[in-house]
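Chains as they are written, first to last, in this note's numbering: chain A, 1 to 335; chain B, 336 to 603.
Calculated from the structure, these hints are not laboratory results. You may find that some hints are simply not true.
Listed next, the in silico BS3-like pairs over lysine-lysine satisfying Cα-Cα at most 30 Å (straight line) [unchecked claim]:
1) A:Lys-2 - B:Lys-365
2) B:Lys-470 - B:Lys-337
3) B:Lys-448 - A:Lys-2
4) A:Lys-8 - B:Lys-448
5) B:Lys-470 - A:Lys-8
Read off the chains here:
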Amino acid sequence: MKHLDSRKYTALLIVILAVLCLLAASIGRYSMNPADVLRALYTKAKGIEGNRTMENVLFLVRIPRILAAVFVGAALSLSGAIYQGIFKNPLVSPDLLGVSSGACVGAAVAILLGFNLAWTQVFAFFGGIMAVNLAVMLARVLRNTSNIVLVLSGIIISGLMGSILGVLKFIADPETELSSIVYWQMGSIAGVNLKQVFAVMPLMITAMVIMLLLSWRINIMSFGEQEAKSLGINVVLLRGIAIICASLLTASAVSISGTIGWIGLVIPHLGRILVGPDNTKLFPVTLLQGAIFLLLIDTISRVATSVEIPLSILTGLIGAPFYAYILWERKTKLT
Amino acid sequence: MKIEVRNLSFAYSNNRMIFTDISFDIEPGKIICILGPNGAGKSTLLNCIANMLVPVAGEVLIDGVSTRRMQLREVARAISYVPQIVIPAFDFSVLEYVVTGCAPRMGTFERPKAEHYEIAWQAIRLLRIEHLAEKPYTEISGGERQQVCIARAIAQQPAVILLDEPTAHLDYGNQIKVLKTISDLARRGYGIVMTTHNPDHVLLLNAQIGVIDRQGQMTFGSCAEIMREDYLQNLYETNLRILSIEELDRTICAVPNLNLGVGGSNDD
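Working from the sequences, and respecting the hints, build out all of it.
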């Protein structure tokens with residue numbers, strides 16, 4: 001299949017994202033005119049007195065949520081593309097190294113200890129990072145630096161974390177704590193505030209920039225360790241940097257949104273179909289598509305019904321059939 | 336550029352030695368074939384020369400400097416490595432694949448520019464595979480893939496090209512095509528080291544030979560020195576013959592009719 005001109009497509013995605021941000025800021029229970037939104041942004045920037053209600057809705061509710069959706073979507077998608085390149089396997093996702101399940105365990109521990117939301121996020125972040133470290137350490141203990149062993153270690157750690165989470169749920173108070181854990185697992189950015197978003201943004205942006213700069217080298221990694229090494233690439237170092245960046249992206253995202261599945265698997269795939277496997281094109285495209293996708297989903301979940309549907313349910317309902325469609329479409333290439 | 340292999344020995348951690356004390360020189364325009372039974376460590380030797388495995392003893396010198404003291408990137412500018420058939424996970428185009436050969440000469444954050452694509456095109460033209468350039472690397476045949484891998488090795492602009500069983504898994508026509516390419520590369524001044532299971536290839540290429548035996552010792556010599564019937568019969572435990580065939584204008588290595596006691600040691 002012929003690929004799109006990636007430059008034009010990237011530009012198009014930027015325009016779509018900008019328009020969607022504006023629309024998402026405008027619509028909702030308190031409906032605004034997009035022009036009013038722009039005016040409110042302008043008055044806020046200039047420090048002029050504006051419409052108080054409008055500003056409150058925008059800056060305390062909608063903009064934090066939009067930023068969260070954009071960054072969480074972008075981070076999860078990009079980390080998926082990175083893992084797929086590094087493990088030269090188009091079927092792996094951020095859940096792979098146990099990041100998501102580790103973050104769940106961290107969050108569940110915080111909930112059981114009665115900590116507030118901010119601490120839950122901190123625990124989730126470190127739970128995710130801890131799980132990756134365990135997976136990488138396990139691979140090292142197995143004295144094998146190959147990709148497949150790392151993937152297997154990730155599966156082992158994920159399984160372990162899943163069981164620990166089960167224990168935590170089992171001992172949780174079914175009236176209060178259990179529902180918090182389950183709700184957290186389903187993913188939501190409904191309650192997010194600017195402080196939380198700003199706390200993870202620097203980390204996310206740094207990881208994104210590093211990976212965009214290294215994107216061509218990830219191409220070479222995806223040919224295999226031996227080939228990359230013979231081209232003079234320090235495989236252990238580059239893979240280490242990539243795994244750290246991807247895991248930071250996932251853990252940061254999960255820490256403010258809970259676990260949101262499917263994005264990291266489906267969005268990079270869609271990008272690969274549209275612009276091809278070259279990561280110098282794929283990474284920016286994946287980033288933007290992920291941001292657009294999650295912002296769209298979150299806005300739908302916010303606007304469509306009176307009760308907010310948890311994000312993971314929507315991403316699964318859309319992502320799973322879409323992924324099945326992709327596999328059916330490209331069935332010849334997966335053998 | 337002179338590349339010297341000096342007293343290389345290799346063992347995987349805590350295990351028996353794969354090979355010991357291997358020395359030879361790789362010279363521009365010369366082909367060296369590494370022969371030996373399965374598991375004798377032919378590929379391991381190539382990996383050691385390419386600095387991808389660290390030998391337990393000995394070293395490889397590039398213009399007198401040990402690769403132990405060089406970065407991977409510096410070694411990759413002198414030595415390129417063509418692995419056995421690679422099955423890629425993503426459908427990069429052949430051109431995108433070949434241009435990665437420029438990586439050792441590029442900065443860490445650099446992306447290929449026009450000059451790098453020009454180097455890739457030169458390599459593609461050298462192998463006469465222009466028609467493949469835009470095709471996905473996943474959708475070409477095994478023989479074509481071998482040519483593409485060699486093109487990438489050339490884009491690396493090395494002094495020496497190592498090929499790990501370049502004729503394995505190829506049909507007869509493609510085997511000969513690869514051998515022609517290799518002989519052409521030697522004529523252009525590249526030093527070549529390749530592993531093979533077919534002694535006749537050594538004769539076709541008129542190559543120098545290093546034979547690794549089951550004890551991990553290497554016997555190194557010219558075609559004339561090593562390619563003798565008694566030596567090869569012993570090595571392969573097979574009743575093979577080396578004959579000069581006038582119609583072919585060359586010496587061949589072949590086995591007689593299968594009913595004439597192949598596996599000559601049976602008689603003992």
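Now for the hints, and whether the structure bears them out:
no., hint, in the structure
1, A:Lys-2 - B:Lys-365, "violated (43 Å)"
2, B:Lys-470 - B:Lys-337, "violated (37 Å)"
3, B:Lys-448 - A:Lys-2, "holds (22 Å)"
4, A:Lys-8 - B:Lys-448, "holds (19 Å)"
5, B:Lys-470 - A:Lys-8, "holds (22 Å)"
Hint check: violations occur at hints 1 and 2; the rest are consistent with the structure.
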